[in-house]
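**Q** Here is what each chain is made of, one letter per residue.
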Amino acid sequence: MNNAAADPALFSTETVREVVSKIIEFKERIFGIDQKNGVVKIRIHRDVLPYIAQRLAIMGDIYLRTMVASDERSLEGVYKLYYVFGVDREHTNIVLEVALPQEEPRVSTIVDINRASDWYELEAHDMFGIEFLDRKLYRFVLPGDWPEGVHPLRKEYSVPDLMKLYRPKAIEYAKEIGAESIVTIPIGPYHPALHEPEFFELYIRGEKIIDTRYVGFMVHRGIEKLGENMKYDQVPFLAERICGICGFVHSTSYCQAVENALDIYVPERASFIRSIILEIERIHSHLLWIGVALHLLGYDTGFMHSWRIREQIMLLAELLTGSRKTYGINVVGGVRRDIDSDKIKKAIDVLKHVEDEFRKLIEISVNVPQVIARLRGTGILPLGEAKALSLVGPTARGSGLNRDVRRDYPYAAYKYVSFRVPVYNEGDNLARTLVRVDEVFESINMLYQLFDKVPPGDVRAESWSVEAYRLGIGSVEAPRGEVIHVVVTGEYSPYRWRVRAPTYQNLPAVPIMLKDADLADVPLTIASIDPCFSCTDRAIVVNIGSGTIKAIPMEVLSLKGSKAIG
Amino acid sequence: MALIETVAAVIISLFLYILLPPLLDGIERKIRAKIQARYGPPTVLQTWYDILKLASKELKIPFTLKYGAFLLILAFSLTIVTLYLLTYILVSFDIYILTLVIVLIISAHSLLVFMSTLSSNPFSIIGIFRGLAIDVVNEMGFIVSIPLYYLSVKTFDSSIKSFLLLSLSLLLALMVSYVGSKRLPYDLHEAEPELASGSIIEFSGPMLALYIYLHLIDRYAMVALPIAIGVSTGLSLLPYISLILTHIIAIFVYILFGAIAVLLGRSRIDIAVKTLMLIYSIIITVWIAVKLV
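Sequences listed follow chains A and B, in order.
Position 15, counted from 1, in the first sequence is what the numbering used here calls 15; the numbers after and before it change by one each time, with no gaps.
Position 30, counted from 1, in the second sequence is what the numbering used here calls 30; the numbers after and before it change by one each time, with no gaps.
It is worth saying that the hints were derived from the structure and are not from the lab.
Fair warning: there could be bad hints in the mix.
To be verified - List of simulated lysine to any residue pairs, SDA-like, C-alpha gap at most 20 angstroms:
| hint | chain 1 | residue 1 | chain 2 | residue 2 |
| --- | --- | --- | --- | --- |
| 1 | B | K30 | A | R308 |
| 2 | B | K182 | A | Q370 |
| 3 | B | K34 | A | E311 |
Predicted model only: the values in this text are computed from it and were never measured.
Between the sequences and the hints, there should be enough to build the whole structure, so can you do that?
**A** So, in structure tokens, the structure goes:
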């Protein structure tokens, strides 16, 4: 490490100075420290990764926001891992950059030090073939019949190559199981509760949950790979399609990552418009969630009215962006669509109406005896677990973890408005619900301020130029929690684009919430993290006696009934 | 003339018992939609259309449920006999027939429970054991509520004490009737978000049509029973007037139950059983205490 980098006094924040002073003992293995735009990048030798991760872990207020693996063999002959740690109170990201030689892409695991790294390591193993030592590695993101040795995010594979290499063996599989007479293979949600694809294996005794296992990633859309073949301004449209409910957070996050990497100035008016649309998106998402939660509690009247109120927000979004959903107004350097004073006036009228109606809905709903009885004391997640798993969003805030990207890593126009971050300490389903309820009111309040303060001016940067191989981080507080996009710039397209949605961070907490829960509370508890899933349709039989696990498709179950289980 | 009127009233009443429930369900769905600020089914006859459509579908019975169809038909037959006896007690009240009505209603419920236990589907099994837990508590309440209510009506003398006894027993009878109707918060046997229709998950086509029809008739009969007892033993009216009055009150109570259900959420099995046991015990104890004072 050079002398300038080794001097802790040169760093802007107290925590970073402390980090540098704690890792100074490894200076022979630290290749440099850069500081720019709230990102402190520390390039380290792979041998010291666990030791440095350990030093960060014991510092307490630092959490793992995301980890990015990148194939940079064509640039430096290495794979790289970027561990992005957040220091909320100082608005700073600490990035540990670890290079792995292409002949031997191995590094020690840090999963025993930081539990939140578990899925990231498994995913990097699947997508890049990186070996993490001293831990069990298994196929995680890729399907079971994916060809061995093909790691799709490596640069030698193009999207058409991958499509030729892998076709789901649905027909062969159907023949193997004797289902030739079936015309279609049903693909759909395993559980009807959330009308979304997910697979939870519940081990129950009576109606009590003994243990839970989550099997995810049933559909991998390969969006990151697709983005690497698109121009910078095309990617926001793809990013917005990551989620059907809160897509705008993804396009904003991506744009911010590119803007961060390339130092692009975003006009203030554009920042305000982004914040306005983000808050409108939060209100509609929370109203949607509250409706679903009430439906899961059997209170369909609340569900219907929540969605009726939400409809006004959808129309408001259409008024401001031209679309009810998937707004498509984000571009790198700003937005494509301005708003005028007439629209602002109409929007304020709508918000006042929504605020009144929502207040009445909540007053009535929380007084329904079954609603309150089933929310309180169920699905408990302790603060310690929330911290250990680096949870985000209302899931974290319902367990007393005061974390909100809008305040901790200010972006767009949030620094111009005042708002409260609702935090509840109980950690149960009621706490997570109340966080969202309070956030709706806070968002409405924020929107009044934003509409009042929209400055005049342009809505997008006139021009910007690309400098390749720079790292940028963009994060947004989505309705479900922190979304973080990391971009390594390329000449014409992102060289590497990493997306981390909040569900990815929050899902590992669900088995903890479900421990000793009643079966009846499972749908609501799973829904309480407001998850987003992909698709699955399999049933799994666990034979505890023989220790075997086998997957049984639904069509076999329907044909053979209990005989299929054997 | 009176005999002809009575026979005609009995036949009409029997037809009402058989034809009204799906129509009332259609009305309930419309009211529910109105409260929930949505349009609801296109017509109040929608439940009838649903049943007829399901009945016209191909008959598919899961292997393990193949003998269940006979149990369903047997339960349906018992329910039709119950309806006839329900009409009959309005013409000529008889405590033994009332007892038989109670036995028949419980028998039909038991057959439905037994039928669902034949399924190998875990959702069905969980659902039916939930239903069974509620039924055990509720049918104990049912068995107690009817005699208490009958005694209260029979000994009613306009005093405050008898008014109190009648109110308590009527409250118990109506509660039992509400819980027996398997509306929210006690629809735990099928609890859609948790169990994907639970005990009826494997029913489809004609079998599902018959189950829904039977369930709706049973729901209406559970409402009509305490009203029929009250009208036949408490009021001295001509049989056909008793029949008409019973149906008018039963329709009103049925729709009222439907409107109450819209305002409630779903309970959990442990909470539901404890709550019902507590409330029934309190009402029965207070009734006995008032009686003994």
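**Q** So, for every hint listed, does it hold in this structure?
**A** Going through the hints against the structure:
1. B:K30 <-> A:R308: holds, 17 angstroms
2. B:K182 <-> A:Q370: Between K182 of chain B and Q370 of chain A the Cα gap is close to 15 angstroms, so the pair holds against 20 angstroms.
3. B:K34 <-> A:E311: holds, 17 angstroms
In summary, the structure agrees with every hint in the numbered list given earlier.
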